[in-house]
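Chains A and B, in that order, are what the protein sequence lines are.
When you line the first sequence up against the working numbering, it's residues 2 to 206, in that order.
When you line the second sequence up against the working numbering, it's residues 2 to 206, in that order.
You may find that some hints are simply not true.
Pairs count within a copy or across copies, as identical chains cannot be separated in the list.
[Unchecked claim] In silico DSS-like pairs for lysine-lysine, Cα to Cα no more than 25 Å straight-line: (1) Lys140 <-> Lys22; (2) Lys101 <-> Lys57; (3) Lys143 <-> Lys101; (4) Lys119 <-> Lys101; (5) Lys198 <-> Lys140; (6) Lys22 <-> Lys119; (7) Lys140 <-> Lys101; (8) Lys198 <-> Lys101; (9) Lys57 <-> Lys22.
Source of the hints: derived by calculation from the structure; they are not laboratory data.
Listed below, chain by chain, are the residues.
There are 2 protein chains.
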Amino acid sequence: MLLCDIGNTSYHFYDGDSDYKQSVDSFDPAEISDEVYYISVNPSLVTRLVSLSNWKDLSTYISREDYYETMGIDRIVACEAIEEGVIIDAGSAVTVDVVKAGQFQGGFIYPGLHAMQKAYSDISSRLAFSFDFELDLDKMPKNSPDAVSYGYLRTLYSEVLRHDGPFFLTGGDAELFGHVFPMADIDRHLIFRGMQKIITRVAQC
Amino acid sequence: MLLCDIGNTSYHFYDGDSDYKQSVDSFDPAEISDEVYYISVNPSLVTRLVSLSNWKDLSTYISREDYYETMGIDRIVACEAIEEGVIIDAGSAVTVDVVKAGQFQGGFIYPGLHAMQKAYSDISSRLAFSFDFELDLDKMPKNSPDAVSYGYLRTLYSEVLRHDGPFFLTGGDAELFGHVFPMADIDRHLIFRGMQKIITRVAQC
């Protein structure tokens with residue numbers, strides 16, 4: 002059995018042990034004869050995958066009314082992985098979702114580091130700095146690069162800290178944001194844990 | 002006597018009563034025979050203004066070592082206007098500066114609303130929403146437009162609230178941000194108050 006999280010550019014596989022990616026453009030899902038449980042935010046692959054009987058769409062086993070209509074299936078499945086706490090998924094966007102007693106409480110969307118860096122440099126070339134993820138966020142900045150890093154990172158941190166933990170960090174930039182959220186568990190496989198939990202639940206029914 | 006805050010695109014005049022703007026491209030500063038006290042972030046006008054004896058550069062009367070080297074003169078003069086509190090200057094960037102007992106404590110820079118809106122829409126067309134400045138920021142969002150507005154506004158709000166007031170809102174988008182910071186004094190002329198304070202101090206010396 003394989004798990005697969007399909008994004009706009011890649012198939013992200015997990016065999017319960019290790020993970021690897023395949024490009025959406027070049028990979029043929031028919032190459033796999035194993036059973037694959039997947040979720041996908043990529044609408045262009047739906048018809049192809051439905052025609053393959055060993056590819057099973059896990060999204061059909063989720064009570065979507067517990068979430069909101071336009072919420073990405075990847076965010077939903079990450080929330081399913083935990084019973085309590087805050088999930089920070091740091092990718093092209095940073096999504097922050099709150100779960101209490103197994104119930105989704107709401108969440109917000111903040112720009113990922115590349116989009117945000119571009120936002121600063123669009124305002125002025127004098128603000129075109131790389132973010133310093135190791136900046137001391139307890140000190141008010143007294144120079145321009147720190148003022149920009151603090152503006153991006155401390156605002157997010159101050160809001161996240163209003164919520165009760167535990168805190169989970171996932172997504173491609175999880176390690177970088179780990180410097181900002183040292184209290185968070187870095188779990189690159191959170192979404193796969195959510196998928197496994199759904200499979201177990203379905204098997205018990 | 003006139004006060005003038007010169008930006009990259011306009012001369013912003015204040016006669017102690019009302020304010021008006023002139024375009025940097027078309028306005029000739031020699032047209033004015035009154036005494037003008039000015040600050041300028043526009044390096045291209047320096048030579049022109051120095052040649053006019055009635056235009057007096059107020060930045061020469063500021064102890065710049067109380068601030069930091071690359072800090073804009075407009076931010077510095079706004080800080081000079083207050084003895085205590087937080088200044089939120091909402092323009093193309095949102096700058097937040099903290100002053101305690103007349104001393105600058107540091108500050109940070111956050112993207113202004115246009116740059117931030119572009120940051121979200123650059124990530125995905127599904128995040129291309131206008132910000133709702135009247136959103137209830139005490140409720141975790143459960144739809145995409147709210148998740149984006151909350152991501153931009155609540156993060157900033159949570160960080161600003163860590164600091165002691167009073168809070169002052171200035172800049173071109175001060176009224177909009179007034180919905181987010183209802184406890185803040187909206188003072189569109191804060192920078193001119195700072196300039197007046199410097200003039201009074203210099204006159205007393």
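These are the hints, each one checked on the structure:
no., hint, result
1, Lys140 <-> Lys22, "neither (40 Å within a copy, 37 Å between copies)"
2, Lys101 <-> Lys57, "neither (29 Å within a copy, 61 Å between copies)"
3, Lys143 <-> Lys101, "between (39 Å within a copy, 14 Å between copies)"
4, Lys119 <-> Lys101, "neither (35 Å within a copy, 33 Å between copies)"
5, Lys198 <-> Lys140, "neither (41 Å within a copy, 28 Å between copies)"
6, Lys22 <-> Lys119, "neither (27 Å within a copy, 30 Å between copies)"
7, Lys140 <-> Lys101, "between (32 Å within a copy, 14 Å between copies)"
8, Lys198 <-> Lys101, "within (17 Å within a copy, 52 Å between copies)"
9, Lys57 <-> Lys22, "within (18 Å within a copy, 63 Å between copies)"
Violated hints, in rising order: 1, 2, 4, 5, 6; the structure is consistent with all others.
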